[in-house]
Structures are given as structure tokens and as C-alpha cells.
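Trainee: With the hints as extra help, turn the sequences into a complete structure.
What follows is each chain in one-letter form.
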Amino acid sequence: MTTFTKKALLSLSALTLAMSASFGALAESVKSVAVTAIVEHPALDSVRDGVLATLNEAGYEEGKNLKWQYQSAQGNTGTAAQIARKFIGDQPDAIVAIATPSAQAAVAGTKRIPIIFSAVTDPVEGQLTPSWEASGTNVTGVSDVLELGKQMELIKQIVPEAKRVGMVYNPGEANSVAVVTALKKILADYNLTLVEAAAPRSVDVGSAARSLVGKVDVIYTNTDNNVVSAYEALVKVGNDMNIPLIASDTDSVKRGAIAALGVNYMDLGKQTGRIVLRILEGENPGDIKPQTSENIQLFVNLSAAEKQGVTLSQELIDSAAEIIR
Amino acid sequence: MSLFSMFGALEIGLIFSLVALGVFISFRLLRFPDLTVDGSFPLGGAVGALCISNGMDPFLATALAAFAGASAGVVTAILNVHLKIMDLLASILMMTALYSINLRIMGKPNIPLIMEPTVFTLLEPSWLIDYIARPVILIVVVLLAKLALDAYFSTRQGLAIRATGSNPRMARSQGINTGAMVILGMAISNGLVGLAGALFAQSQGGADISMGIGTIVIGLAAVIVGESILPSRRLFLLTLAVILGAIVYRFFIALALNSDFIGLQAQDLNLVTAVLVTLALVIPLLKQRFARGKRV
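These protein sequences, in sequence, are chains C and W.
Here the first sequence stands for residues 0 to 324, numbered as in numbering that gives the first Met the number 0.
Here the second sequence stands for residues 0 to 295, numbered as in numbering that gives the first Met the number 0.
Keep in mind the hints are simulated off the structure, nothing from the lab.
Mixed in with the good hints there might be a few duds.
[To be verified] Cut-off 16 Å, straight-line C-alpha distance, at most; resulting in silico cross-link-like pairs (EDC-like, lysine to aspartate or glutamate):
hint, chain 1, residue 1, chain 2, residue 2
1, C, K110, W, E115
2, C, K66, C, D92
3, W, K107, C, E305
4, C, K110, W, D129
5, W, K107, C, D89
6, C, K235, C, E146
7, C, K184, C, D239
[Claimed, not checked] Label pairs and their calculated CB-CB ranges:
hint, chain 1, residue 1, chain 2, residue 2, range
8, C, N294, W, D267, 44 to 54 Å
9, C, K63, W, G54, 29 to 39 Å
10, W, L146, C, G135, 42 to 52 Å
11, C, K149, W, P116, 52 to 62 Å
12, W, P116, C, S302, 50 to 60 Å
13, W, M55, C, S302, 50 to 60 Å
14, W, T95, C, D239, 25 to 35 Å
15, W, S172, C, V194, 54 to 64 Å
16, C, K149, W, N53, 46 to 56 Å
17, C, G281, W, T120, 29 to 39 Å
[What the hints assert, rightly or not] Reference excerpt, derived from the structure (chain W facing chain C, CB under 7 Å, subset only):
hint, residue
18, S1
19, I100
20, L102
21, G106
22, I113
23, L121
24, E123
25, S172
26, L256
Just so you know, even glycine gets a beta-carbon here, dropped at the ideal spot from N, CA and C.
Mentor: Next comes the structure, spelled out in C-alpha cells:
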């Protein structure tokens, strides 16, 4: 055991040496940004890339005047906690925390290092910030919350005769449950009813969608991680059974949804990046109000509409930011 | 690796050493392959977080969480002992059921505790930095748990549980009620895991429904790593080995997180951890072979 411990200690100290050497080589003016995400999937990865793109545009270049770190917890909250601790220990100039569990772990770990959350639907419910006002603490960020009323109007525009809206989501995801709760409150105003189908794992998305066949006129999905990961399973059911699919993230339109009035996660990342820039330039995160996405776009997919048995009005097509054929 | 990241690894390692002790009791002492852990860990977190966020005293909430974990263990054991469901399947059923039960308990998938009092904020002395204070508090908790387990498993009843695990037929012939012993052992095991879940939620800013994923894997890895770095047959050393195993495992993850300078990327994390753990398991064997080779 002793030799093993010695070896472990030796390799540890060698590592620390190597790391400190690499830090020391960088100049004084180098800014460091550390990004922690709960899991890798297209939308969350786009956020990360958006942040980096903004920093690059502003003249921060990796390896020159920017130390950029990215870690994903690969779905494990224990690892998310440890990533948070590692980043806090590295004392970067800013920590970008993507999705709720990663953000909570970071916020629980430090009251000093600026934390910019992103792709968190409700930062107040998650106790990241006390309110939607400037927090006065070390935390600010960008929420991906969507105005559900507009989503329902979109459904009415695409499927005017729709009465029953199906929704596939993971009951274990905070963001999705928040959307379902909010939907139930407003659906009556639009003369719609909700039919839920649970997909606790991404492999359940297909069977959850099939369980909705015959019970719904349209399937709406939020940015649920499981659903977004397995959106093709939903598309298959939609195409086979002529059920129109309406999504909430524009990426899913490219993958086979008819339309989405949604957050473009690349833009969300860029918006997050602009906050990071303000903080790198010396602004206090406590003075910056948490933001919501400023860029909601409509994407439509004409071939998906045809496959799912819907004709889109010219008016709708004209208002789209991007049309996929 | 920074000091902060090392203390973080120690803190999380200590919390998971309670899980490892629980897994050690079920897998090693009772020989009951128990996957309930994946559900009882978040169950502990859920009960603890719910009670604290409703204003309950954090100590009482933590105790309730341990009790909830123990109840889950009892149900698994009853499924096995009285309803004759195969042990592995009984625990899988319970683990599956607990996912929904935990969602019901929390009412939503995530309960934050960032702004609530926790056992850590209450116990932290003001003169000690919080990231050092938390591991120190946890060392005391884990040592107390270890010593209590050592003492308990040397009593008549404790020995009866161990006998049930090593040879149930013999134990029965000695007049031991093996069914009751399995239930008791599983209660202790999952009680520890529930306690760990509650402490994890309090140290990490909240309970999340996904916090149970992979708990059993980490617990088992800790037990096996511990056994390989400190092989022993004495219970006193075995429990110590299990605790060390959990901490070493966390240090491996911390190391893997710091491996970016050799060109490894975020998605390699789990692979690096697996390789490091494999090394830890293989090194004693290699050492042995090497020593034997020299003698010849």
C-alpha cells in the first residue's frame, strides 16, 4: 500500500508541477474562463460554442490571452460537483455553468468567483439568484425560458383544428416539469387540453410518442434533454402516423419538426458570452440583471409539414427566419 | 491540482464513503447484490432537501433521510425474504420504484438548498474556511459511523448478520433467524446510503432526481479499490479500506479532470477514471508478480 501511495503522490506532484508550469508560462493579462455542463448534447454544446465564439470575436484567443476550460459531468451530479470544485480551485475569472445541476453545484461552492449560468429555465426557482433583478451576488446569467402563450399561438396557426396537445417529456427534468406546470395553467385559454407521455430515459421517447397516437392532434415538445437527444424517434412516429410535431428549439426543426418558435442556442451562448465579456472587463456580476433570450426565431420545415400532413400558410412561411425544404 | 479541488474531492469522497460502507455491508457481509442504492441515495437527498426547505431542523431532516433510506432497504429485503423474489431482481424493482417515489416526494425534479441552513452551515466554526470545515465535519461523521459499525458487527446480533451472509444454512442451524438478519442488515446498509444522500444534497446546493445515477457503480468501485489497496480480513481494517477506496476513487476523478494538458478532452473523463481505477486494481498484482520474479 505504501509504495502505491508513494507512487500516487509522486504522479500527483508531477501533475501539479506540470500544471503550474503551464500556468506560469502564460502572460499576466491572460483571462481564464471555465465552462461546466451537466451533459453533452447539441443544444448545450451550441451554448458553449456560442460563448467561445463571442470571446474570440472580442479578441480573446485560446492559448494566447484566453485560458479556456470545458468539462462535462456526463450526466453524473457527483462529477458535476467535483468539476465545480476543480474550477473554483483554479480561480478562473469567470465560470460559465450550463443547465441547472451544474449551476447549482458551482453556486453552492463559491460566493466570490463570478458565475454566469446559461440554458437554465428558471434561475429563481433553482435558487441561483434571489429574483430576476440584479442579484448583488456573484451570480448572473441567461435563461432559456420561453413565453408559452406564443408557443400555443404557433400551434393554433399550424394546426387550427387542434384540440388535444400531446407532450413527451422527462418527469425527472426540472425545466420540463416547469413547462408542463405552466402549460396546464394557460391551455384552457387557447381551448386546448394536454395529454402527457413520460420518457424517463431517452430510449423511452419513441414508445412515449407511440402511446400518444390516436389521443392527440399535435405533439409539442419543450427543450427536454431526453427528447432533444432522441428527437428522431419522435419524427418517425410523427411521419408514420401523420401527427404534426412542433418543437421549441430550432435545431429540432432541422431534424424533422414542422416548426419551432424557439431559442437559438448558439445565440443564447453568444448572449451569455457578452455577459462574460462585461465581467472580464471588470463589471460586477451582481450588477447585471439575469436575462432571457433576446432572439426568438421561427424555423419551419416544409418537407416535414408535408410528411406530417399539414399545409403551412404563406404568411407563416414568410415570417420564418429560416425555411428548411 | 489546486487545494480547493483536493478538498472538494476529499469532501465528496467522504460522503461517498458512507455509500461504500453501505454497499460493503450488503455485498460483502450479507452477500446481497443490492441495487436499491441507486434509489436510496436520491431518496435520502429528496427527504432531506424537502424537510429542510420546509423549515425543519437540518439535523432532524438528515436523520429522517437516513430513516427513509433504511425503510427502502427493508422493503427490498422483505421482497426477497418473504415474497421470495430473487435478491438482484428485488433490488432492481425497488430501485425502479424509488425513481417515481422520489419524484413524488420532491414534487419536482430539483429542490435547491443554496439559500437554506444545512448541517454544514450550522456546524461550521466561523474561524475555519468553509471548504476545509466541510471535510473536517465529514471526517468526524464517517469515523463515527465506521467505529459504530465495527462495534455493532462484533456484538451478538452483528455477528449473526455476518454469519447469515457467509453461510445461511449454518446460521439457521445455530438458531439465527436469517430472514430477520437480512432485513436488519439491508436497513443499516441503505440507512447509511440515505444519510449520504442527505449530506450530498446539503453540501452540493440541492437534491436532484438524477443524483442517484451510477451510485452503485461508484460504491462498488470504492469497495473493490479499497480492498485492493488495503487487503485484510479484519473488519476494523476492511471498513477503513472501504472508506479509503471511496476517497481514492474521487481523487482519480479529480486527476482525470486535470488531465487536459496531455490532450485528453472532457468526453474522455469516464474513460480516464476507468483506466486509473484499473491501474489501482492491477498494481498490487503486478507488484506481487514482480516480487515473485525476483525471488526465482
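Trainee: If a hint holds in the structure, say so; if it does not, say that too.
Mentor: Hint check:
1. C:K110 / W:E115: holds (15 Å)
2. C:K66 / C:D92: Status holds; Cα separation ~10 Å.
3. W:K107 / C:E305: Answer violated: K107 (chain W) to E305 (chain C) is near 38 Å, above 16 Å.
4. C:K110 / W:D129: holds (11 Å)
5. W:K107 / C:D89: Distance ~33 Å between K107 (chain W) and D89 (chain C) Cα, so the pair is violated.
6. C:K235 / C:E146: With Cα atoms ~28 Å apart, K235 (chain C) and E146 (chain C) exceed 16 Å; violated.
7. C:K184 / C:D239: This hinted pair is violated, its Cα atoms lying about 31 Å apart.
8. C:N294 / W:D267: 44 to 54 Å: Taking Cβ atoms as reference, N294 (chain C) and D267 (chain W) lie about 33 Å apart, which means the hint is violated.
9. C:K63 / W:G54: 29 to 39 Å: Violated, since K63 (chain C) and G54 (chain W) (Cβ atoms, about 51 Å apart) do not stay within the stated range.
10. W:L146 / C:G135: 42 to 52 Å: At 45 Å between Cβs, range holds.
11. C:K149 / W:P116: 52 to 62 Å: violated (40 Å)
12. W:P116 / C:S302: 50 to 60 Å: Hint holds: Cβ distance 56 Å, inside 50 to 60 Å.
13. W:M55 / C:S302: 50 to 60 Å: Given about 56 Å between the Cβ atoms, the range holds.
14. W:T95 / C:D239: 25 to 35 Å: Since the Cβ atoms of T95 (chain W) and D239 (chain C) sit about 29 Å apart, the hinted range of 25 to 35 Å holds.
15. W:S172 / C:V194: 54 to 64 Å: The hint (54 to 64 Å, Cβ to Cβ) holds, given that S172 (chain W) and V194 (chain C) are roughly 59 Å apart.
16. C:K149 / W:N53: 46 to 56 Å: Between K149 (chain C) and N53 (chain W), where Cβ atoms are some 35 Å apart, the hint is violated.
17. C:G281 / W:T120: 29 to 39 Å: holds (31 Å)
18. S1: holds (3 Å)
19. I100: For I100 (chain W), the interface hint is violated, since the closest Cβ of chain C sits about 12 Å away, which is over 7 Å.
20. L102: Since the shortest Cβ distance to chain C is 6 Å, the answer is holds.
21. G106: violated (9 Å)
22. I113: holds (4 Å)
23. L121: violated (16 Å)
24. E123: Interface hint status for E123 (chain W): violated (13 Å vs cutoff 7 Å).
25. S172: violated (39 Å)
26. L256: At 5 Å from the nearest chain C Cβ, L256 (chain W) passes the 7 Å test, so the hint holds.
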